[in-house]
Each structure stands twice: as structure tokens, then as C-alpha cells.
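Residue numbers (this note's numbering), protein chains in the order written: chain A, 79 to 537; chain B, 2 to 308; chain C, 119 to 419.
Just so you know, these hints were derived from the structure itself, not from any lab.
Mixed in with the good hints, there may be bad ones.
As the list claims (entries may be wrong) - Reference listing, derived: stretches of chain B covered by chain C, where coverage requires no fewer than 3 residues with Cβ under 8 Å from a Cβ of chain C:
hint, segment
1, 157-164
2, 226-233
3, 249-256
From the three backbone atoms N, C-alpha and C, an ideal C-beta is built for every residue, glycine too.
Each chain, letter by letter, is given below.
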Amino acid sequence: MENSISTKNDKQAASAATFANGRRKPDALTDEQIISDLLPRKFGKLGMIWMGILVVICMVGVFAYFRQLKYGLVVTNMRDYASWGIYISNFVFFVAISLVGSLITAVLRLTGVHWSTPLTRIAEIIAVSAITFAAIIIIVDMGRPERFYNLFLFGRLQSPIIWDVTVITTYFFISILLLYIPLLPDMKILLATKEKTAFYKLYRFMGSFWKGTHLQFRISKKAINILCIAIVPVAFSIHTVTSWLFATTYRPGWDSTNFGPYFISGAFLVGSGAVTVAMYVFRKYYNLKNYITYDHFDRMGKIVVMLGLLYLYFNVNEYLIPAFKMKKPEEGFLDSLFVGEFAPLFWAAILGGMIIPIIVLLFKKGRHPFPMFICGIMIVVGAWFKRYLIVTPTLLHPFLPMHNVPASYKHYFPSWEEWAIAMGSLAGALLVVTIFARIFPIIPIQETLIEQHEKEHNK
Amino acid sequence: MDINNTSRKEFLAAMVTSGLVLAGCSSKKTPFEAGADELVKPSGEKVKLLSVDGEVIEVDKAFLKPVPQLPAITNSEERKGIPGKKFVMVIDLSRCKNLRKCQQACNHMHQVHSDLNWLKVYPMNEGEHTAPYWQPTTCMHCDEPPCVKVCPVDATFKRQDGIVLIDSDRCIGCRFCMAACPYSIRVFNWEKPDTVSEELCGQPYSCETSVPQKKGTVGKCDFCPDMARKNELPHCVVACPNGTFFYGDLNEDSVTNGAETFRFSDLIKDKAGYQLMDDLGTKPSVYYLPPAARNFPFEKGMEIDKG
Amino acid sequence: MKRNIINNCAGVLFLLLSGLTGFRATAKESEKGPLKISISYFSLDNRLPYLAVTAKCKIDGKFQPVGGASIKLYLDKDSTGKGIGLIATVVTGEKGKATADIPASLEKIWKASTNHTFIAVTDKTKDFDETNTELSVAKARITIDTADDKNVVATFTEFKDNQWVAVKGVEIKMGIKRLGGELQIGEEQSYTTDSLGKVKGEFKKLGMPGDKTGNIILVAKVEDNDAYGSLRIEKTVPWGVKFTANDDFFTRALWGSQFHSPFWLVFMAYSIVIGVWGTIIYLIFLILKIKQLGKEEEKLS
Ligand code: SF4
Ligand code: SF4
Numbered sequence: 079m080e081n082s083i084s085t086k087n088d089k090q091a092a093s094a095a096t097f098a099n100g101r102r103k104p105d106a107l108t109d110e111q112i113i114s115d116l117l118p119r120k121f122g123k124l125g126m127i128w129m130g131i132l133v134v135i136c137m138v139g140v141f142a143y144f145r146q147l148k149y150g151l152v153v154t155n156m157r158d159y160a161s162w163g164i165y166i167s168n169f170v171f172f173v174a175i176s177l178v179g180s181l182i183t184a185v186l187r188l189t190g191v192h193w194s195t196p197l198t199r200i201a202e203i204i205a206v207s208a209i210t211f212a213a214i215i216i217i218v219d220m221g222r223p224e225r226f227y228n229l230f231l232f233g234r235l236q237s238p239i240i241w242d243v244t245v246i247t248t249y250f251f252i253s254i255l256l257l258y259i260p261l262l263p264d265m266k267i268l269l270a271t272k273e274k275t276a277f278y279k280l281y282r283f284m285g286s287f288w289k290g291t292h293l294q295f296r297i298s299k300k301a302i303n304i305l306c307i308a309i310v311p312v313a314f315s316i317h318t319v320t321s322w323l324f325a326t327t328y329r330p331g332w333d334s335t336n337f338g339p340y341f342i343s344g345a346f347l348v349g350s351g352a353v354t355v356a357m358y359v360f361r362k363y364y365n366l367k368n369y370i371t372y373d374h375f376d377r378m379g380k381i382v383v384m385l386g387l388l389y390l391y392f393n394v395n396e397y398l399i400p401a402f403k404m405k406k407p408e409e410g411f412l413d414s415l416f417v418g419e420f421a422p423l424f425w426a427a428i429l430g431g432m433i434i435p436i437i438v439l440l441f442k443k444g445r446h447p448f449p450m451f452i453c454g455i456m457i458v459v460g461a462w463f464k465r466y467l468i469v470t471p472t473l474l475h476p477f478l479p480m481h482n483v484p485a486s487y488k489h490y491f492p493s494w495e496e497w498a499i500a501m502g503s504l505a506g507a508l509l510v511v512t513i514f515a516r517i518f519p520i521i522p523i524q525e526t527l528i529e530q531h532e533k534e535h536n537k
Numbered sequence: 002m003d004i005n006n007t008s009r010k011e012f013l014a015a016m017v018t019s020g021l022v023l024a025g026c027s028s029k030k031t032p033f034e035a036g037a038d039e040l041v042k043p044s045g046e047k048v049k050l051l052s053v054d055g056e057v058i059e060v061d062k063a064f065l066k067p068v069p070q071l072p073a074i075t076n077s078e079e080r081k082g083i084p085g086k087k088f089v090m091v092i093d094l095s096r097c098k099n100l101r102k103c104q105q106a107c108n109h110m111h112q113v114h115s116d117l118n119w120l121k122v123y124p125m126n127e128g129e130h131t132a133p134y135w136q137p138t139t140c141m142h143c144d145e146p147p148c149v150k151v152c153p154v155d156a157t158f159k160r161q162d163g164i165v166l167i168d169s170d171r172c173i174g175c176r177f178c179m180a181a182c183p184y185s186i187r188v189f190n191w192e193k194p195d196t197v198s199e200e201l202c203g204q205p206y207s208c209e210t211s212v213p214q215k216k217g218t219v220g221k222c223d224f225c226p227d228m229a230r231k232n233e234l235p236h237c238v239v240a241c242p243n244g245t246f247f248y249g250d251l252n253e254d255s256v257t258n259g260a261e262t263f264r265f266s267d268l269i270k271d272k273a274g275y276q277l278m279d280d281l282g283t284k285p286s287v288y289y290l291p292p293a294a295r296n297f298p299f300e301k302g303m304e305i306d307k308g
Numbered sequence: 119m120k121r122n123i124i125n126n127c128a129g130v131l132f133l134l135l136s137g138l139t140g141f142r143a144t145a146k147e148s149e150k151g152p153l154k155i156s157i158s159y160f161s162l163d164n165r166l167p168y169l170a171v172t173a174k175c176k177i178d179g180k181f182q183p184v185g186g187a188s189i190k191l192y193l194d195k196d197s198t199g200k201g202i203g204l205i206a207t208v209v210t211g212e213k214g215k216a217t218a219d220i221p222a223s224l225e226k227i228w229k230a231s232t233n234h235t236f237i238a239v240t241d242k243t244k245d246f247d248e249t250n251t252e253l254s255v256a257k258a259r260i261t262i263d264t265a266d267d268k269n270v271v272a273t274f275t276e277f278k279d280n281q282w283v284a285v286k287g288v289e290i291k292m293g294i295k296r297l298g299g300e301l302q303i304g305e306e307q308s309y310t311t312d313s314l315g316k317v318k319g320e321f322k323k324l325g326m327p328g329d330k331t332g333n334i335i336l337v338a339k340v341e342d343n344d345a346y347g348s349l350r351i352e353k354t355v356p357w358g359v360k361f362t363a364n365d366d367f368f369t370r371a372l373w374g375s376q377f378h379s380p381f382w383l384v385f386m387a388y389s390i391v392i393g394v395w396g397t398i399i400y401l402i403f404l405i406l407k408i409k410q411l412g413k414e415e416e417k418l419s
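Take these sequences, add in the hints, and give me the full structure.
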């Protein structure tokens, strides 16, 4: 097995050294222990409660959607001016979060960073479930979901929606592959366990053919490398295209050439925030202290700071430059963000979702698991509202004044159906992650074993 | 007497009649001969009528009532538009006093949901020391329509006669076009339009009449190509008592509000016509005449304005 | 009918509520006046006569069209004052309008006289009492002549004592036929006939786009004349500018249809899609290969 890793580089050696000085003692771990530590576990009481809550939230969302199907989009509080609401901002949020899969797995792997190995699967499953719910939420937003097939019958290549549909489908498949291929060696380990779990058949179906031969390892390594390269441009396109849904219009606040990178940097930030949260939760409730270490948090924290600064930089560009000019159509929009109707939310998202986490994470103590967890939550929540602030205020500041409409058309606050559906989709995404972690090892066992052997070998 | 019992088709037919007799005579040859008008296809069935001189003449039924139907237009024809036409509108801001008759007529004829308006009249005031005026706004039927650019399924489309229409049978209700339209013209049927009766609901949708409006799809001003086919004017043009709206064919270089007809190029030249937000590159088909020498003081319209 | 009234009432109520009218919103039931029918007579190209009827009634002081009203139209009176020839029974449309042509069966009555009376009769309904309206017109015709260069001459004659005689003092409008109306040929809105029954107008709209061959259609018309009704005649003249519609509309553009996307876009989109999906398919192929290797391994052991 060792020889399947053909090159070892200095960095890796260095990181191994850090591990040795770190708070965990990886050297003491035997293969058996690693395997038994990382095998998926039955839900405890807490897990059951968690599942229960998620399922209930999902059911409420489904019920709300049923009402929407029955009565039409009138059950939402979207109207002609705010014609897109939290469905779309939620969609953007999901797309953003899903980008992390490519960041943690591909970008870090390609740049030869190996400490992130234990995080890859967490990132990938977040990516897969987020992109799935992005697709679902976009159907929810449609006035005529039953005509979805029109996209395939009459798809116009000129429309950014078609581009979005295409890249999201592509990204979904690539993410699935990137989740599946590294899972293969773990299947063998799962199948080898004594007790036959309820998922035995599933494991067999998915990976009974994995024998762990030299050749198989070589092919899978090649496949993973190709995937890591392929997923980067696709990931960039999903979020760039999503930003183009806005940037291809004339609206103040959207009409920006900066939108692609702005969205992508934001996506990386929220994605790594989400991974941080997931790292903390899995570490705590799956007892993975030996695998997700302080060191991981420390490094993740530094990445988050870097991404946070990057996103902040783009935000300054997005808001300061138009504010400097204060073109007439932008004026009302920017006013509403800076001092008006949306100001509390706007500043909360900027401060809580960017500045405060950045400051906290600059300190070494700030990069300990718990403060990281809190910062991660702040980033994710801040990002959700940031998306809302990208979508709604712009729509409420059209070029021509809002006029000749019922008073309720001039403001937007989501109805309970919208909240229920949006929350339901978030719960759904969490549910997918939870169930995945129930069935499959959330930390790649095989890769951990290999790294372990590497380290021993290096000694 | 109860027109609830009359089907919409007959109903339209009755309305069509007068226009058709006129349409029938737009010919080079005698007006009632087959093919007299490109748009009316002879049915082959003749009726005997009296001429002014008292002779008996035979006229193709297609040109007359009670079945003076324009041949049913297929969806693909509706998408192509009327060849050789380029419809334009001129709105004279000096004539508008926010009576909203245009809006009522439009809403009524297109069965627009009671919360929505396809045609809006804005109180405009650009700057601190500028004078306010009323600005009726229809769809601009842009020649580079941003709404059409973004529609994923060709549900909104540009025709060769310059009109931008919506196919409510195809629209998936993504509302991208609403975000893309800088004029905020488009409205959405958030629910089943309260104005459309059960019975009309079942009628097939026509892109040209834009009825019946359907739940979960967009709607907007359609420039009344159905009326233009009958050589009639759009409902707003007819309804405005002040003659604010002028409609016509750019290829004929003329616009009319029914009572007055102007040479389009002269009108635009003389009154310094302009397009709304043309700096966006949308190339609108609607032109505005500046609110100079106004017929009514701005305040007149305030009584009606409810925001 | 009922629905129309309801509509009207709703409309009126709406107007009241929105403060459109000066009326106070106290009136619970809208006040409805009697049904008013008006007839107009049209003659097209001196050939086809037809009648247009309009039904309206006053609701709260405003005339509103009455749709769905059934109206019987008769030609001329007999001695008892009753109509002798039924032209048609028409039902008004939503805008309160209906039209009728003169059927061939009335040939005799039509030929018998130069003056005709049209009678419109409605029966009593639950909304309105019966009504009765008349319109008398004399047979007349209008001709248009363009022998003189860029001058249009229209002549108005009436049929009297078995011959066509010129009529003086009739107001005639002359214009170019355009969508929805006529563009007047010169500065004057209308012209009045001289003792020869003629009007002359100078054609000043030079350079108007015509059809493919440069033809335009001139129109001369008499509108709502008390004695003669409305008459209209058209004439095609080659005074326009040749116009060919540009047929390059269906080119490839970003706003084009599904089948008219720009080539660069098609090229870019397809090459990207093919590239990426090619990779995905290759990856799936790799998985299948792993699978096959596994199967072989199984066999060996
Ligand atoms: S005005 Fe708006 S809806 Fe109309 S064509 Fe232009 S962009 Fe489209
Ligand atoms: S809402 Fe309908 S018309 Fe508008 S872009 Fe979507 S599919 Fe096209």
C-alpha cells in the first residue's frame, strides 16, 4: 500500500513533524483502532433528536410547498418589484457553499497541501447536498415547475439560466464522482467489518469490486487527479454563472463587472465557514479528536482569515466605488443599504459575517475549535443574509419609481411559506449530510491509514 | 342578452366585424375580392349582398359577418410576426393628465389581474428644480430586448414587426425577464388572475391577444398586434380622451391616435421626440414627446393618483 | 347584459372609490338611463353599403356601451310606419357595436328609391324598454381623381332624378391610408366641395414609404354627413417611395430565438460542454475499468 503513494514531499514531512508536536499522538494509533474509530456509527440519542428536528422542519417546508403549488406563488410575499426573494438568495447561498468541495479537495490537493485530507469528505458531501438543494430550490422558485422540461425542449443558449442549469448539472456529477471514487477503498474496509450492518448490501453494490490492487489504486489516483483539475473550472463557472444571473441585468447593485470574483470569494468564505462548523460538530459528536486536531482548526482558521479578507476586499470594491460616484439609479439603493431600511442587516452581515470573524481568527486562541465553531456559524449566517441583501434591495430600487401597485408590492418580507421552504431546504441539506455520515465514514479511512503509514515510515 | 352565454369566439367575432369590413377594403383592386388583404384569407364561401347601386354582388364570407374571422393564427406565425411592419408608439407627455383611461381599457381587454397594471402612469420629476409630469409607460418593445435575451425557453420573443410577446403556454415562471427589464414593465400572475372567468380559462391562449392570462406566468403590454392585424388601434390609444398615445407603423412613417395622424419622422423632429433610457442600449420602439406646452397642469392628475 | 352592467357598475364603483369622479360614493345602485341606439350608414368604394349600430346607456351620468343588445334592422317604412324589409338582427359586442350588410333579398326595395330610411328596433327586455331609431340617407358617391400631377381631386355626387348630380358644400377629407387612420395629404384637415361637387388638394407628403413598387393608397372620405352618411373611396397611386422590408430580421443575435443563437456562443458553449462531459465520461470509463479489474481479481482468487 505504501508504494501507491509514489512521491513524498518535504511539506508532508514537515506537517508530519507538526503533528508529532501537536496535541494528538497519531503515532500511537494502530490500523485497527483507526478503522474502528472512523467507521460510521449508529445515531445516539442526540443524533435521533437532531434527525427528528431536521425531518420536522423538512416536512413543514414540504407542506408549505404544497400550499404554494396549490395557490401559486401568491403565498409568498414576492411581488412584481421584489420578483425574486429568499428562494433565490437561498439558491445563491447553496451554490456558494457547494463551492467548498472544490476548494478543500481540489485546490488544496493540487497545491500539494495534505493536512486537509481528513476534511475532504466533509467538504464533498456538503458540496453535493448543497448543489442538490440549489437545484431543488430553483424549481421551487418557478411559477410553473411542471414545465421544467421546457428547459430541455426549448432551451435557449443565450440565456444565463441555461448556462446555470448546465453547469450545475455538471458540477453535481463531478462532485458525486469526487465523492465516490475516494470512497471505493473505504468500501472494502466497510465490507470487511465483522458485523453486517443494514447497509451491507449498499456497500456491496457500490464497491464490492474494489480489491485494492496496485492497478486499481493507480487508476483511481489518476481519476482523482483528473477530477481535481476538472472540478476547479466547473466550480468557478457555477458561481460565476450564478453571479451573471444578476450581472447580466441593468439593475443598480447588480450591474457590475466585479460580480463573478465577488461571488466566488464570498462562496469560498461561506464554504470554509461551513466546513469549520461541520469539523467541530463531527469532531465532538463522532469523537474524532485524534483525526480532526487543533492543528486542522488552526490551519482552517488561517484559510478563513485569508478568504475573509479577500471577500472584504471585493465588498469594498462593490460598495465603495459606486458610493463614490453615487449615480442616480444607485443612490436610493446604496442609501437603503448604508443608512436606510436594510442598514441594520447590511452592517450586521458585514461586521458579523466578515470583520468580527476575521479579527477573532487572527489570534491563535481564536483558532481553537470552539471559537472557530462560533465564527463559522457567524460566517454562514452572515453569508445567508448577505445573499438576501444582494437580491432584494436591488429589486426594490428599480429605475422607474415604484408606482401603480398595491402598497404591499413596495416592500418585501418573506411569508411564512417562504421561510418554511427556505429553512426546510437548509434542513434538508443538513439531513443529507447527517445521513451520509451515518452510512459512510466521514473521514476517509484508507487515506488516513496511508498517511499514518507514511508518517511511521518517515520516522 | 346575457353575454355570459355567448362564447368568447363569437364575442370577438362580433367585435371584429366592423374592423374587417374596413380591412377588407385595403386593397389595390376591389375590396371584396379574394386576397384583397394579405391578412384575411378567403373562405371560398360567398354571400350575396347589395351594392350601393342596387346590384347584387357576391362577397367572400371571410370578409363579412357573422363569421368574419381572421384565420386562426398558429403559434409559429404568432412568433414570426407580421412581415413588413415595424410597430412604434409615440407618447405625447404634454397631453397626459393621469386620467388612467388607458390603463382601465388595457386591464379590461387583457383581463389583467386586478392588482396589476400593464400600463402604468408615473409621476416623474427628475431633479430638484425640474417640473413634474405624468409619464404613461407601456412595454418599450425594445429592439435589443434584454428580457428576451435572458428568457431560457423562448417564452418571450421578439418578432419581425418589432413586437415582444409572451407565450404563456411556455413560460416557466422564472421571472428572469422581470429582473432584466429596466423599465419594470413586466408583471407576474402570482395567482390565477381574478379577472379571468372559469369559462375563459379553458380557451386556448393566444400570444397576440395575451388572453387568458395564466397563473405562474409573466404578462406585459403586447402592443395589441391582434388589433393591428384588423387595422385597429390598441386599446390604450383608443381609450385616451386626450389623444396622448400615437400608434403606427414605422415602415409607413406614420402614427395616429385615431383622431390625428402624423408623419412619424416629422412629429419626432418637430417635437424633439426621445426614447426612455436609450442609454442602456435597449433601442425602444416607444418614443416620448417632451412635456412642453402642457395641456393640463400636473396637479390635475393628483386626484386620481393613489400611488 | 347582466354581466356587462355588473362590470360597468364595478367599474363605476371603482372610479368612485379612486376618486375619479366628483360623485359622492353614496349611490348604492347606479342609475341607469334608457337604452340609446344610434345607426350610421357607410358606403365603401361606392359599392358596399353597410350599417353600424351602437348601443349605449347612461349609467350614473356617463354613457357606457351596452353589449349583448339584440337589435333588429329594417329598410324603409311602409305606410303604417313599420319596417318593410328586415336587413338583419344583430347583437352588439362588448363595445356596444354591431354591423350589418344589406342582403341581396332587399334588391327591389333598395332600387325603388334614392332615399332610404334605416330603422333599428329593440324589444323590451328586463333591463330596458323597447326602442326605435331611424336614419335617413340619400344615395351618393365619391370619386377620386389624380390626373393632375401630385394634385388630388375628389368629386361628390348624389343620385337624383336618375342621374348623378354634383353636391356643393360637402366636407371631404383626403389622406394617405395608414395603419389605424389616414395621414392628410396636405395642410388642410378637410376640404369643402364647390358647385361642381369637387375638391382639390395638393399632395405634400413627398417621400412617404409606399409598398414594394412605391404605391400608396389615397383615401377620400365623407364622415358622418347628415344627409349621406359616411362614404369612402380609395385609389392607388405611385407617389410613394419603394419600400422593401428588410428580411434580415431572423439573424443570429443574443435576443434571437432558440435557433438563432450567435455562432460564437454556440461554438463556445458546445466546446465547453463537450470538453467537460468528455472528461466525465472518461472518468466513468475509468470506474468501469476499476470494476472490471476487481472482477478479474475475484476470478483469480
Ligand atoms: S420594455 Fe422591458 S419588457 Fe418590454 S421589450 Fe423592453 S425589456 Fe422587454
Ligand atoms: S418568466 Fe417566462 S417569459 Fe420570463 S424569462 Fe422566465 S420563462 Fe421567459
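Inset, instruction - Would you list, in rising numerical order, the hints stated earlier that this structure does not obey? - result: none
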